[in-house]
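Kindly generate the complete structure, drawing on both the sequences and the hints.
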Amino acid sequence: MIEVITNIAKKEFMDNIRNKWIIIITVLFASLTLLASYAGSIYSNGWQDLGVTILIMNSLVNLLITIIALILGYSAIIGEIEKGSMSSLLALPAKRIEIILGKFFGLGLVLTSTILIGFGIAGVIIGFNVPDVNYVEYLIFIGATILIGLVFLSLGILLSCLFRKRSTAMGGAILVFFLLTILWQFIVYFLILITNSFNIGDTRFPEWYFALNFLNPLEAYGTILSLNIPTVASQQIELSSSGYPSFYNTTNMLIALLLWMIIPLSLTYWKFRNKDI
Amino acid sequence: MKFDKNELFAKDRTNVDRYADVTSAITVKNLTKTYNDKKAVDNISFSVKKGEIFGFLGPNGAGKTTTIKSILGLIKVNSGEIRINGFDIKKFEKNAKKNIGYLPEKVAFYDNLTALQNLLFYAKIKNVSKEECLSLLKEFDLSDSIHKKVGKFSKGMVQRLGMIRAIMGNPNILILDEPSSGLDPNGVLHIRNKIKELNRNGSTVFISSHILSEIQKMCDRVGIINKGVLVAKDTVENLSKKLNLKPQMSIELEKISDKITKSISDIKGVDKIEINEKTISIICDSETKAKVILAIAKAGGNIINLQTHDPSLEEIFMRYTGEDG
Chain A
1 MIEVITNIAK KEFMDNIRNK WIIIITVLFA SLTLLASYAG SIYSNGWQDL GVTILIMNSL
61 VNLLITIIAL ILGYSAIIGE IEKGSMSSLL ALPAKRIEII LGKFFGLGLV LTSTILIGFG
121 IAGVIIGFNV PDVNYVEYLI FIGATILIGL VFLSLGILLS CLFRKRSTAM GGAILVFFLL
181 TILWQFIVYF LILITNSFNI GDTRFPEWYF ALNFLNPLEA YGTILSLNIP TVASQQIELS
241 SSGYPSFYNT TNMLIALLLW MIIPLSLTYW KFRNKDI
Chain B
1001 MKFDKNELFA KDRTNVDRYA DVTSAITVKN LTKTYNDKKA VDNISFSVKK GEIFGFLGPN
1061 GAGKTTTIKS ILGLIKVNSG EIRINGFDIK KFEKNAKKNI GYLPEKVAFY DNLTALQNLL
1121 FYAKIKNVSK EECLSLLKEF DLSDSIHKKV GKFSKGMVQR LGMIRAIMGN PNILILDEPS
1181 SGLDPNGVLH IRNKIKELNR NGSTVFISSH ILSEIQKMCD RVGIINKGVL VAKDTVENLS
1241 KKLNLKPQMS IELEKISDKI TKSISDIKGV DKIEINEKTI SIICDSETKA KVILAIAKAG
1301 GNIINLQTHD PSLEEIFMRY TGEDG
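Keeping their order, the protein sequence lines are chains A and B.
Numbering-wise (our numbering), the first sequence opens with residue 1 and increments by one.
Numbering-wise (our numbering), the second sequence opens with residue 1001 and increments by one.
Bear in mind the hints are in silico, worked out from the structure with no lab data behind them.
Just so it is clear, CB atoms sit at the ideal spot from N, CA and C, and this is done for glycine as well.
One should not assume that every hint holds.
[Unchecked claim] Among chain A residues calculated to face chain B with C-beta under 8 Å, some are:
| # | residue |
| --- | --- |
| 1 | Lys11 |
| 2 | Gly84 |
| 3 | Pro93 |
| 4 | Ala94 |
[Stated by the list, open to error] The calculated lysine-lysine pairs, modelled on DSSO-like cross-linking and capped at a C-alpha distance of 27 Å, are:
| # | chain 1 | residue 1 | chain 2 | residue 2 |
| --- | --- | --- | --- | --- |
| 5 | A | Lys271 | B | Lys1091 |
| 6 | B | Lys1094 | B | Lys1124 |
| 7 | A | Lys83 | B | Lys1050 |
| 8 | B | Lys1155 | A | Lys165 |
| 9 | B | Lys1155 | B | Lys1090 |
| 10 | A | Lys95 | B | Lys1050 |
| 11 | A | Lys95 | B | Lys1076 |
| 12 | B | Lys1241 | B | Lys1049 |
| 13 | B | Lys1090 | A | Lys271 |
| 14 | B | Lys1272 | B | Lys1262 |
| 15 | B | Lys1291 | B | Lys1255 |
| 16 | B | Lys1138 | A | Lys275 |
| 17 | B | Lys1227 | A | Lys20 |
| 18 | B | Lys1196 | B | Lys1227 |
| 19 | B | Lys1242 | B | Lys1289 |
| 20 | B | Lys1242 | B | Lys1259 |
| 21 | B | Lys1227 | A | Lys275 |
| 22 | B | Lys1106 | B | Lys1038 |
| 23 | A | Lys95 | B | Lys1091 |
| 24 | B | Lys1291 | A | Lys271 |
| 25 | B | Lys1106 | B | Lys1152 |
| 26 | B | Lys1138 | B | Lys1091 |
As structure tokens, then:
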């Protein structure tokens, strides 16, 4: 089983690392992180000044890493079915679960490489210009970013199995992207507004607001950064980490992200197991 | 191939139903598959004997591909049982697929990978060596393109690469869906010879093709599916007999006389005579052909040219399906 998964993962990596869209967005991501890290670090006096830089990089992650993950994922299954290569693959002694896991690990490796390239460049620039880099915090940033990337990859793969056409799967991916990265804040703030749950003088949003945020993995990702990288928390005007409810801790956020990764993958297998090719 | 097929089969024999037909490479029993309440395949049963070439024919949309996909476990069937070398495809999917080579109708590869990278990916899952891949690439005249991305291949090259993927590891069952598609005449001949060679070496071949002459040349038996129902399965010869299809003789004579015509029409077994200038067309039983020639000679006829046409698979196909292949 491991051998088949590894072989499929290797093939996915080799095939997708040559994907022109992945190359373009990776170059864009690396260039923008380079720019942000350079501009932020040359005028800083230390790691504690890099909050804005890391927030900019955080925004790039929200925007570009999610796009790369969804691009990699949305056509993983349906793309191969439409093209015809899935039938040849499934005619071999390869199980469907091995194909899903192989794809996830292979595409995950492409995504991780992209993140490491972008953050590696930024790390070198920061390392050169900033005297007291907190590498532990920087590694937490990288680790959490890889995790959120894998969550979106998992969602993308689920979409690729839910839809019958590559084009509709792409539509689904675009919808997920807009919902979780852009529309989410509008939706929760709108709910707060109509329920009259936050008034002038209140110090904190209601608990349901925080609970609702578990439905968006990007919120869990942002919270991990806020809780573990003080330079990020210091830049957040809206709420400081002290304003979080007790269930908003790193462990719960990690569990939320892991669930966000595992549940879509499990649903993918459940759907793919009975899918006609 | 790194593993011994017999050894592997012996090791996994416990997974084979003790009542399974061991003489059949493929057994399909009461297979039914519906799509949106429409039966694509309706309760079909057949078996492909070990070592034979079985042609599977049918008009477009008749259920050929659905049957092939069911055999390979690519689709979930509504009812029925499918066994490959005795292994139930549902219960022992991996064992069943270990000895299958498959060429789909729509051959596809990973376009960003080279021919060799693509083949090595499949080879690893099938436990086939790199040397065998290189040798097959050479045999199929693709040696010069092993480092070329498959995305830049012509249709014929992709088809040849697909054939390599199907036959690598010398599988004992080959399932080929339109193997000649996109090939030039030389390519068609090469594939046909390769199929025959593999069959001589013991492979069972299940082949679906629109080129009926090709099927007739190669297959031991044929199955004809129409509107999801298997309407015929037998040798071409037996199907001809069942349909009462007879050979046609075209005999060109120096001169046609009434005596000649009468002597032919008096022969028992001659069904029809047509005269066109100096040529007589006769439809008769196979065993009557010699009598006809003898009768012409006795009646003083001088034969210039003689041609016989046995009933073609095309005629059989059209009689069973009412359509062109």
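Requested in this report: State the violated hints by number, sorted upward, taking the hints as numbered earlier in the document.
Outcome: 7, 9, 16, 17, 18, 20, 24, 26
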